[in-house]
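Novice: Residue numbers (numbering that gives the first Met the number 0), protein chains in the order written: chain A, 0 to 521; chain B, 0 to 450.
Some hints here could point you the wrong way.
[Said to hold, decoys possible] Taking beta-carbon pairs under 10 Å as the criterion, some of the chain B residues facing chain A (in silico):
#1 46
#2 74
#3 90
#4 95
Don't read these hints as lab results, they were simulated from the structure. We put the CB at the ideal spot given by N, CA and C, even for glycine.
What follows is each chain in one-letter form.
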Amino acid sequence: MKRRDFMVKSSLALAAVASSELWLDSIVRGETMPLNLPVLDTYFQVSKEDMNKLLAATLSKGADFADLFFEYRITSLLTFEEDKVKSARRGIISGVGIRAIRGDQVGYAFSEDLSFAKMMEAANAAAAIANDPVARQRVKAISEIRPKNLYPVAELATTSDLSKKLAFINEANEAAKAYSPKIVRVNASFSDEVKYLAYANSEGVSWTDMQPVFVFGTSCIAEEGKRRETGYESGGGRIGLEYFSKKRKAADIAREAARLAVLNLKAEDAEAGLQTVVLGAGDSAVLLHEAVGHGLEADFNYKKLSNYSGRVGEKVASEACTVLDEGLFENMRGTINVDDEGNTPTATMLIENGILRGYMCDRISAQQLKTKPTGNGRREAYNYVPMARMTNTYMKPGKYDPEEIIKSVKKGIYAKRFTGGQVDITKGDFTFSVAESYRIEDGKITAPLKGVTLIGNGPEVMTKVTMVGSDLKFADGGWTCGKNGQSVPVGMGIPTVKVSEITVGGTKVQAVNETGKESHDA
Amino acid sequence: MPDYKNLATELLAAFRKQGADAADVYIVSSNGFNTTVRLGNIERLQQSISKGLGMRIFKNNAIALTYTTDFTDKSVRDLVNQTMQIVKVSNPDEYNGLAPKELLGSYPGKLMLFDEKLASVTPEKKIEMAKEAEDAGRAFDKRITNSQGASFADSTSEVTLANSDGFVGQYRGTFSNLSLSLLAEENGVKQTDFWFTFNRFFNKLDSPKAVGQKAAERVVKKLGSRKVKSQKVPVVIDPYVSRLLVSLVFGAASGGSIYRKSSFLIDKVGSEIASPLVTIVDDATKWDGPSSRPFDAEGVKSSPVTLVEKGVLKTYVCDSYSARRLKLKPTGSTSRSYQSLPSVNSTNSYIQAGTSSPQEIIKSVKDGLYLTGLLGFGQGNNNVTGDFSLGAVGFWIENGELTYPVQEITLAGNVLDVLKNISMVGNDLEFKFGGLAAPTLLVSEMTIGGA
């Protein structure tokens, strides 16, 4: 299949609804327990002895390494339209994924049936990637690692009282409607999940984790005359309902969606072609995610598939650029206490003052590149193999005042909000889709522009980052990254940044190339 | 596989006992195989057995959905109770409900969905096919320097749906898929491209050699790509991309988009939305269609729907909710997973073949773009207004001939303008990429953003 590595700001992450008063005891009991809860006994009823037997079976045909990944996921979704709760949903998904590794070869099998016999079948299926008559490795004694909890939660969304979630939805609905008489429709959704995970591998590492995450989203339709436009905004993270009192009010999220819809009613057609673009702080980090992030995932690099392969130590961006991936920010959407193969996340320096410093590694790619795993081995769920993935990717702030950056542009575009992006990691060409942008004329922000796509080549665009602002901001909302058919939640951040030129996908053809920087041959 | 019809009907009885007004139970079970071979070695071997169950209930016109992968008696019974609880938080809506009884049923004609022979194909054979495809691709041209791997994947699945109005339906389907992605390099620039073959029947797959060579040919052709100037030109759309136009029209014509005012086709039934050369049909009863099925996710019997006839929008496509709201009939167009509610989706949806050969279409263009791929599809298109701005790749057409490859450009416009500006329709309609299909199209003018 064609490689489609992309990111979207989802209007609805999957899932359904909960209310503690409603849950039957059998299920509530586990959900409300703190992080040190006995995950293995509560959700999987698997003994350490059984895990040892499963790991031994997975190694039995000569694999170097085996691991077991148990998942019990409760999902919840509340959808709201036309002043009504349109549907309430809740689901429970559970299973185990069993992996055997030999060199860079992987055998994988999963089962939703957690009976010992069915898990043994899966272990034997995974083992078959190797075909020696006897095992070459033995299972080491299992000892549990206890990583620091980076997602403390005061009130877990998935088990909280439903009336509380409804109150936030109502608040958003009212705020959006009150924003402008032009708002003719408001949709809202509260999507949350909690994953209880238990893991063990043949090297003796085991851990358990509870990963909460929620997305609260509002979308609005604005109407004026015959014109109809839409706006969307979301917020959330690996945090509980305290988000709405500590970080951002539901009404503010809704007003932002309404603002975008109303603004778009006045948006003008953008001009097509090369232009100077100022990227606003926050959302514009899609640029990092697509232009450098995917290309620096180590699996693409040990296989020499990425345009960044073998280039550590080389200059791959302007000196103004320092980019890291760091899964350690408290309560952030891309944060993980431990990655899905038992490695703890790190602050991974990707690009330092324009120089490529390293890649984001999962276990296999670290081994192939003879380096250490960076805690970037992630998977969507038990039914997927882990891969090298981003966590929270961001650019360090620079020295410029954001106002100064805009003032420096005679003619160009100020792109502020984005819906997503996509990249071809081999050639490095990427797109990102703008939801809010304006013309810059003589250093001033003027007319709003219709949604446009920006297209560029990752390494090329990164050398054209000429100014970096002092205003690093992390994007809020349900950013979800897709790679090889697996979706994982990610975080990202960037300060205001000036790119001297990038191709803008407008509908109007410019008479002359007005960036005036250099001439381009077709 | 166990017989899930019994489980479904037992659950419906349990819901009736607990006081639900109506309910349906959707169960999907599948098993699959998936292997990737890279540079001649097996990189991954995966086997899966999977299942899930979704229960949708109606109580006082409100909806709740619960789902689980755990089919043990206790777990499922618990979930029935929970479903009855969470429906209390959902608000009533007079348009909610099951599909009208008289539309329920299974399409009685023959549908080619299940390959009995797939089960007897050994893993060794599948691995061998992936190897063969990769070998053929790598041997094609010396500029091919690397591979992202060749994959063989197949699945066998069974869908069971039962509702409290007495509908019980079940069907099984298979898929086989062989794909390959290669890298080529010239003058320090790397390119990647892929090809695949996909069919419900193992024996109908293209040969591994053909897949390998096609992937190789595609990637080598991309070498030496250039950017072009921003301009307005005619665009010939390759079938791999033209089928996406069908999905945009289908999405905008869905009842949900209409009542939500989130569509560029509001109030357009009966009016001309496309060139008279354009007819768009969705047909879940196409006998060998990749997305055929006897009934939809609400149990509505499958039948063909003509969305656009000679440029005129004929109907919206509806689930039972939007049909009741819009005073239309459900069109049997819903699909779902066990984790979701039924929603309108295309099955075998296509633009009818025209009379021009693809060669004639290309020949008719003096200076223009032959479009083979889009970047950012789904993000750079606005379904409310029909406006789009997307990354594009293809080849430049000069005096009716394909010349150099083109990359790092954008295409922008409005879907309705594109539909109206279709001036030639190819005779090359094939269902090679799944249910969505369209022939080669010529659009008289689109805006390119480039250098």
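Novice: All hints, please: hold or fail.
Specialist: Hints, verified against the model:
1. For residue 46 of chain B, the suggested interface contact is upheld, since its CB lies about 5 Å from the closest CB of chain A, less than 10 Å.
2. For residue 74 of chain B, the shortest C-beta to C-beta distance to chain A is roughly 8 Å, which falls under 10 Å, so the interface hint holds.
3. This hint holds: residue 90 of chain B has a C-beta 4 Å from the nearest C-beta of chain A, less than the 10 Å allowed.
4. The closest approach between the C-beta of residue 95 of chain B and any C-beta of chain A is roughly 9 Å, which is under the 10 Å cut-off, so the hint is satisfied.
Checked against the numbered hints above, the structure violates none of them.
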